[in-house]
Amino acid sequence: MKLLTLNCHSWQEDNQLDKLTLLAEKISNEEYDVIALQEVSQHKDSAFIYENVREDNYAFLLKKELERIGKKHYEFIWDLSHIGYSVFEEGVALLTRHPVNEWFSFFISKSEDQNFWKTRKVVGARISYKGENVTFYSCHLGWWDDKEEPFQFQVDTLLANVKSEQAFYLMGDFNNDASIKGEGYDYLLSKGLYDLYNQAEEKDHGITVEGKIDGWSQNTQNLRLDLILSNVSIQPRCSKTVFNGREQPMVSDHFGVEVKI
Numbered sequence: 017m018k019l020l021t022l023n024c025h026s027w028q029e030d031n032q033l034d035k036l037t038l039l040a041e042k043i044s045n046e047e048y049d050v051i052a053l054q055e056v057s058q059h060k061d062s063a064f065i066y067e068n069v070r071e072d073n074y075a076f077l078l079k080k081e082l083e084r085i086g087k088k089h090y091e092f093i094w095d096l097s098h099i100g101y102s103v104f105e106e107g108v109a110l111l112t113r114h115p116v117n118e119w120f121s122f123f124i125s126k127s128e129d130q131n132f133w134k135t136r137k138v139v140g141a142r143i144s145y146k147g148e149n150v151t152f153y154s155c156h157l158g159w160w161d162d163k164e165e166p167f168q169f170q171v172d173t174l175l176a177n178v179k180s181e182q183a184f185y186l187m188g189d190f191n192n193d194a195s196i197k198g199e200g201y202d203y204l205l206s207k208g209l210y211d212l213y214n215q216a217e218e219k220d221h222g223i224t225v226e227g228k229i230d231g232w233s234q235n236t237q238n239l240r241l242d243l244i245l246s247n248v249s250i251q252p253r254c255s256k257t258v259f260n261g262r263e264q265p266m267v268s269d270h271f272g273v274e275v276k277i
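Following our numbering, the residues of the sequence shown are numbered contiguously, the last one being 277.
It should be emphasised that the hints constitute simulated quantities derived from the structure, not laboratory data. Some hints could be false.
What the hints assert, rightly or not - Pairs of lysine-lysine residues, derived as PhoX-like cross-links and limited to a Cα-Cα distance of at most 25 Å, are as follows:
id: 1; residue 1: Lys219; residue 2: Lys42
id: 2; residue 1: Lys134; residue 2: Lys228
id: 3; residue 1: Lys87; residue 2: Lys219
id: 4; residue 1: Lys126; residue 2: Lys179
id: 5; residue 1: Lys60; residue 2: Lys126
id: 6; residue 1: Lys276; residue 2: Lys179
id: 7; residue 1: Lys134; residue 2: Lys42
Sequences and hints are given; from them, build the entire structure.
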């Protein structure tokens with residue numbers, strides 16, 4: 017199984033469509049089983065294609081690009097979390113090349129006001145993989161010390177809603193640096209979750225953010241914010257960053273995380 021998570025910072029990037037094409041090419045080459053995306057946006061005035069998906073939805077355009085290069089078997093789910101940058105409907109998405117048996121969407125923030133930029137929603141999908149049901153969630157959480165939207169509340173709400181009777185994977189931008197003790201990362205692990213980066217046979221530095229980005233405007237450190245967590249203890253073959261400006265060009269202000277199980 018191959019997994020990828022990426023905060024794609026969509027429609028905030030220079031040369032955005034070129035970067036979307038690079039992402040599609042990587043997905044095509046690797047044949048990822050599940051891709052979790054965060055900051056998946058669409059302009060609030062664009063035309064609707066179906067349900068709540070508009071014609072410039074980043075995940076929709078990514079699927080179209082995959083189809084153009086011959087990968088017609090990927091499906092995606094997306095839902096709106098909040099309005100960002102005044103004009104964008106921002107949400108989270110999952111793409112998978114396996115049949116989706118069931119999908120989910122739920123708020124994890126105290127706020128359910130989608131005009132409030134700290135409102136958070138998670139999407140999930142249950143797929144059949146080699147005869148077993150496995151569930152994946154695309155997550156974009158807030159910050160540890162946020163008084164309006166406490167990180168602990170969001171984690172507790174997330175775990176209260178996941179389908180814990182089966183194997184599940186939480187993939188995304190958790191906005192808490194894994195190197196800081198006694199805060200959000202440790203809180204996640206205290207809930208019985210396993211970090212696949214720690215479990216992997218082979219791994220790189222794991223850093224997914226370097227320097228200042230949106231939401232971390234004072235940052236001067238290298239951070240590991242983007243994670244793939246599970247409720248089952250497994251040993252992936254490898255965990256590494258992609259789109260880090262070294263092996264591949266950057267396509268976002270975050271690097272992606274790739275795990276091969």
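Evaluated hints:
1. About 19 Å separates the Cα atoms of Lys219 and Lys42, which keeps this hinted pair within 25 Å; it holds.
2. For the hint linking Lys134 to Lys228, the alpha-carbon distance of about 19 Å falls within 25 Å, and the restraint holds.
3. In summary, the hint linking Lys87 to Lys219 is not supported, as the alpha carbons are separated by about 28 Å, beyond the 25 Å threshold.
4. Distance hint between Lys126 and Lys179 is fulfilled; the C-alpha atoms sit about 21 Å from each other, no more than 25 Å.
5. Distance restraint check for Lys60 and Lys126: the Cα-Cα separation of roughly 23 Å lies within the 25 Å cut-off, and the hinted pair is therefore satisfied.
6. About 23 Å separates the Cα atoms of Lys276 and Lys179, which keeps this hinted pair within 25 Å; it holds.
7. Simply put, Lys134 and Lys42 have alpha-carbon atoms about 31 Å apart, too far for the 25 Å limit, and the pair is violated.
The structure is inconsistent with the numbered hints 3 and 7, although it conforms to all the rest.
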